[in-house]
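Undergrad: For reference, the chains in residue letters:
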Amino acid sequence: MDIKQIQNQLNNLNGWQAKYREIMLLGKKLPSLPEALKTQDAQVQGCESSVWLHLDLDENQERLVIIADSDTRIVKGLLAIILACYNNRLPQEAKQIDAYALFEEMGLIQHLSPSRGNGVKAIVERIQTQVNAFQ
Amino acid sequence: MIEQLRKDFPLLHTHVDEQPICYFDSAATTQKPQSVINAVNKFYQQDNANVHRGAHTLSAAATSHYESIRGKLARFLNVTPEEIVWTKGATDSLNLIAYGLSEKLTQDDVILVSPLEHHANIVPWQQAALKTGAKLEVLPVNEQGILELENAKRLIHKVKPKILSICHASNALGNIHDVAALIEVAKQHDTITVIDGAQSLLHLRPDLSAMGCDFFVFSAHKTLGPTGLGGLFGRYELLNNMPVYQTGGEMIERVSFGGTTFRDAPGKFEPGTPNISGVIGFGAALDYLNAIDANALADYEQNLYQYLVSALQKIDGIKIWGDTIHNIGIVSFTYKDEHHFDIATFLNTYGVAVRSGHHCTQPLMAHLSLQGTVRVSLAFYNSYQDVDTLIDALKNTIDMLEE
Chain B
1 MDIKQIQNQL NNLNGWQAKY REIMLLGKKL PSLPEALKTQ DAQVQGCESS
51 VWLHLDLDEN QERLVIIADS DTRIVKGLLA IILACYNNRL PQEAKQIDAY
101 ALFEEMGLIQ HLSPSRGNGV KAIVERIQTQ VNAFQ
Chain P
1 MIEQLRKDFP LLHTHVDEQP ICYFDSAATT QKPQSVINAV NKFYQQDNAN
51 VHRGAHTLSA AATSHYESIR GKLARFLNVT PEEIVWTKGA TDSLNLIAYG
101 LSEKLTQDDV ILVSPLEHHA NIVPWQQAAL KTGAKLEVLP VNEQGILELE
151 NAKRLIHKVK PKILSICHAS NALGNIHDVA ALIEVAKQHD TITVIDGAQS
201 LLHLRPDLSA MGCDFFVFSA HKTLGPTGLG GLFGRYELLN NMPVYQTGGE
251 MIERVSFGGT TFRDAPGKFE PGTPNISGVI GFGAALDYLN AIDANALADY
301 EQNLYQYLVS ALQKIDGIKI WGDTIHNIGI VSFTYKDEHH FDIATFLNTY
351 GVAVRSGHHC TQPLMAHLSL QGTVRVSLAF YNSYQDVDTL IDALKNTIDM
401 LEE
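Heads up: the sequence lines are chains B and P, in that order.
In terms of the numbering used here, the first sequence opens at residue 1 and continues consecutively.
In terms of the numbering used here, the second sequence opens at residue 1 and continues consecutively.
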């Protein structure tokens, strides 16, 4: 599902129960990382729950491939949204994307606990830092 | 009675995302009765002045009001006013005591704590141990998270600790400890006993003379009072012999560039302008509690707690940690392998406020092989309706997680 579809879907849902349910279902569709990939290096600092993230370029060395996982369902759902923003983009495209701003737009940041909000920020910053390292 | 008391707490009648709030985080901080809010307001509107100085009427009135509350608390705890020191909170109190007792410690000494302690009752002792070479040891706790009392007594006899510091009730699990029994054993070895009463002051209203401890610490905000205030009781001789912790104005007797002499306790531990409005608000909290029958409140809390526990036990997959018999009204639970943050986040969408995580007790969570729990903490102002709302919300949450 691309990010526009996700955005529409969440905007059309009424109430936080429905929104969180949808976020959780998005997380369910995200493949789990094998334990071997849940390494210390992959762990995103600054998240309340555990988040692991790997970012690389595809076989043509062109587009971003990001895989990520979390031990909580809601954060995993948030990761699915973040990945939908960045996956399969060219690095220069990814630089223009601010997923955190998009979360704010959807009203998600205001509703998340500050630590969760900071977690989203930390994940987005981690992606941006790694994308910048490609040039 | 409870319906009437609930009316005294304005926050209980507010909404979260258009849902009436069900507040189950009283172990983190209690809600405040209107009388406490009014007392703080009135102080700033009509009585504001600094204490212990100034010949003017306002200052004299503020001083006598402020000092009268030290007396009120001393009566509440059944000790003398000189044995009460105001601090920023229980954490500040424990730091003051650990610092003050450090000079008694050598590398041959043992400091004994329980694995159920809040980090605030571990880290200051750990620091004291690092400075002095003393050893920090822990009391035995079973796999359910309950202190093994007889083994604990045996360990005290064996290691003869210089200091025993233990919570009266656990903030993570709610377990009530038989501190009087431990103190009795500790006394046989001249152990200095420190009781963390942050969770017990409201629910158990301890009589410290009967308990026999050397020190007792608390936070006002967990006992209906304002934040930023706490205190400690210290047996006078021990207290007065401790070195000063922080220095400055107020706590001195005489200052010259040649040297400074300090006041006697409690003054020597209270440098700077104290938290006057906090103390006055806390005085109103004590008045509020004094006006209600303590036994009736405790009975109500225990019945509500048992109602909650049995409702939770009926839900397949819920595991309750800790002691469900001797408990101040805290339920710490997990549901299968589900993450506590997910459960707490979903509950919040129903207006149900619970705490999730390690509750500042990482060593306990490690002992129980847990990342954390969902913690429901009750106070007398919670209703049966609140508990029903929680249970319904939890069932819906579980349905959603199992989808």
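Please keep in mind that the hints were generated in silico from the structure rather than gathered at the bench.
Note that the structure is a prediction, hence the values are computed from the model and not measured.
Honestly, I wouldn't trust all of these hints.
[Claimed, not checked] Below are the DMTMM-like pairs computed for lysine to aspartate or glutamate, each with C-alpha atoms no more than 25 Å apart in a straight line:
{"hint": "1", "chain 1": "P", "residue 1": "LYS187", "chain 2": "P", "residue 2": "ASP207"}
{"hint": "2", "chain 1": "P", "residue 1": "LYS336", "chain 2": "B", "residue 2": "GLU35"}
{"hint": "3", "chain 1": "B", "residue 1": "LYS29", "chain 2": "B", "residue 2": "GLU48"}
{"hint": "4", "chain 1": "B", "residue 1": "LYS28", "chain 2": "P", "residue 2": "ASP388"}
{"hint": "5", "chain 1": "B", "residue 1": "LYS29", "chain 2": "B", "residue 2": "ASP98"}
{"hint": "6", "chain 1": "B", "residue 1": "LYS38", "chain 2": "P", "residue 2": "ASP337"}
{"hint": "7", "chain 1": "B", "residue 1": "LYS121", "chain 2": "B", "residue 2": "ASP2"}
{"hint": "8", "chain 1": "P", "residue 1": "LYS336", "chain 2": "B", "residue 2": "GLU22"}
{"hint": "9", "chain 1": "B", "residue 1": "LYS4", "chain 2": "P", "residue 2": "ASP337"}
{"hint": "10", "chain 1": "P", "residue 1": "LYS395", "chain 2": "B", "residue 2": "ASP71"}
{"hint": "11", "chain 1": "B", "residue 1": "LYS29", "chain 2": "P", "residue 2": "ASP207"}
{"hint": "12", "chain 1": "B", "residue 1": "LYS28", "chain 2": "P", "residue 2": "ASP399"}
[Unchecked claim] Listed below are several chain P residues computed to face chain B (Cβ distance under 10 Å; list not exhaustive):
{"hint": "13", "residue": "GLU18"}
{"hint": "14", "residue": "GLU338"}
{"hint": "15", "residue": "HIS339"}
{"hint": "16", "residue": "HIS340"}
{"hint": "17", "residue": "PHE341"}
{"hint": "18", "residue": "ASP342"}
{"hint": "19", "residue": "ALA344"}
{"hint": "20", "residue": "THR345"}
{"hint": "21", "residue": "PHE346"}
{"hint": "22", "residue": "ASN348"}
{"hint": "23", "residue": "THR349"}
{"hint": "24", "residue": "TYR350"}
{"hint": "25", "residue": "HIS367"}
{"hint": "26", "residue": "GLN371"}
{"hint": "27", "residue": "ILE391"}
{"hint": "28", "residue": "ASP392"}
Think of the CB as a built atom: it goes at the ideal place given N, C-alpha and C, for glycine as much as any other residue.
Undergrad: Evaluate each hint against the coordinates.
TA: How the hints compare with the structure:
1. Proximity of LYS187 of chain P to ASP207 of chain P is assessed by CA-CA distance (about 18 Å); at most 25 Å being required, the pair is judged to hold.
2. With a C-alpha separation of about 20 Å, the suggested pairing of LYS336 of chain P with GLU35 of chain B holds against the 25 Å cut-off.
3. Distance hint between LYS29 of chain B and GLU48 of chain B is fulfilled; the C-alpha atoms sit about 22 Å from each other, no more than 25 Å.
4. In summary, the hint linking LYS28 of chain B to ASP388 of chain P is not supported, as the alpha carbons are separated by about 30 Å, beyond the 25 Å threshold.
5. Annotation: proposed proximity of LYS29 of chain B to ASP98 of chain B holds, straight-line Cα distance about 23 Å (limit 25 Å).
6. The suggested pairing of LYS38 of chain B with ASP337 of chain P holds, with an alpha-carbon distance near 18 Å, which does not exceed 25 Å.
7. A hinted pair counts as satisfied when its Cα atoms are at most 25 Å apart, and LYS121 of chain B with ASP2 of chain B qualifies at roughly 20 Å.
8. Pair hint LYS336 of chain P plus GLU22 of chain B holds up; C-alpha atoms about 22 Å apart against a cutoff of 25 Å.
9. Taken as a hint, the LYS4 of chain B and ASP337 of chain P pair is broken in the structure, with Cα atoms around 33 Å apart against an allowance of 25 Å.
10. Between the alpha carbons of LYS395 of chain P and ASP71 of chain B the distance comes to roughly 21 Å, so the proposed pair stays at or under 25 Å and holds.
11. About 57 Å separates the Cα atoms of LYS29 of chain B and ASP207 of chain P, which puts this hinted pair outside 25 Å; it is violated.
12. Annotation: proposed proximity of LYS28 of chain B to ASP399 of chain P holds, straight-line Cα distance about 15 Å (limit 25 Å).
13. The beta carbon of GLU18 of chain P is positioned within 10 Å of a beta carbon in chain B (closest approach about 9 Å), and the interface hint is therefore held.
14. With 10 Å as the threshold, the beta carbon of GLU338 of chain P comes within range of chain B, its nearest partner Cβ sitting at about 8 Å, so the hint holds.
15. About 4 Å separates the beta-carbon of HIS339 of chain P from the nearest beta-carbon of chain B, less than 10 Å, and the hint is met.
16. Annotation: HIS340 of chain P was flagged as interfacial toward chain B, and the flag holds, the nearest CB pair being 9 Å apart, inside 10 Å.
17. At about 5 Å, the closest approach between the beta carbon of PHE341 of chain P and any beta carbon in chain B falls short of 10 Å, and the interface hint on this residue holds.
18. This hint holds: ASP342 of chain P has a C-beta 5 Å from the nearest C-beta of chain B, less than the 10 Å allowed.
19. Annotation: ALA344 of chain P was flagged as interfacial toward chain B, and the flag holds, the nearest CB pair being 9 Å apart, inside 10 Å.
20. Annotation: interface hint on THR345 of chain P holds; nearest CB of chain B at approximately 5 Å, less than 10 Å.
21. At about 6 Å, the closest approach between the beta carbon of PHE346 of chain P and any beta carbon in chain B falls short of 10 Å, and the interface hint on this residue holds.
22. With a cut of 10 Å, the hint placing ASN348 of chain P at the interface with chain B holds, because the nearest CB-to-CB distance is about 8 Å.
23. The closest approach between the C-beta of THR349 of chain P and any C-beta of chain B is roughly 4 Å, which is under the 10 Å cut-off, so the hint is satisfied.
24. Hint on TYR350 of chain P holds. Least Cβ distance to chain B is approximately 7 Å, under the 10 Å limit.
25. Annotation: HIS367 of chain P was flagged as interfacial toward chain B, and the flag is violated, the nearest CB pair being 20 Å apart, outside 10 Å.
26. For GLN371 of chain P, the interface hint holds, since its Cβ comes within 10 Å of a Cβ in chain B; the closest pair sits about 7 Å apart.
27. Because the smallest distance between the Cβ of ILE391 of chain P and any Cβ of chain B comes to about 16 Å, over 10 Å, the interface hint for this residue is violated.
28. The closest approach between the C-beta of ASP392 of chain P and any C-beta of chain B is roughly 12 Å, which is over the 10 Å cut-off, so the hint fails.
In the structure shown, a violation is registered for the earlier hints numbered 4, 9, 11, 25, 27, 28, in ascending order.
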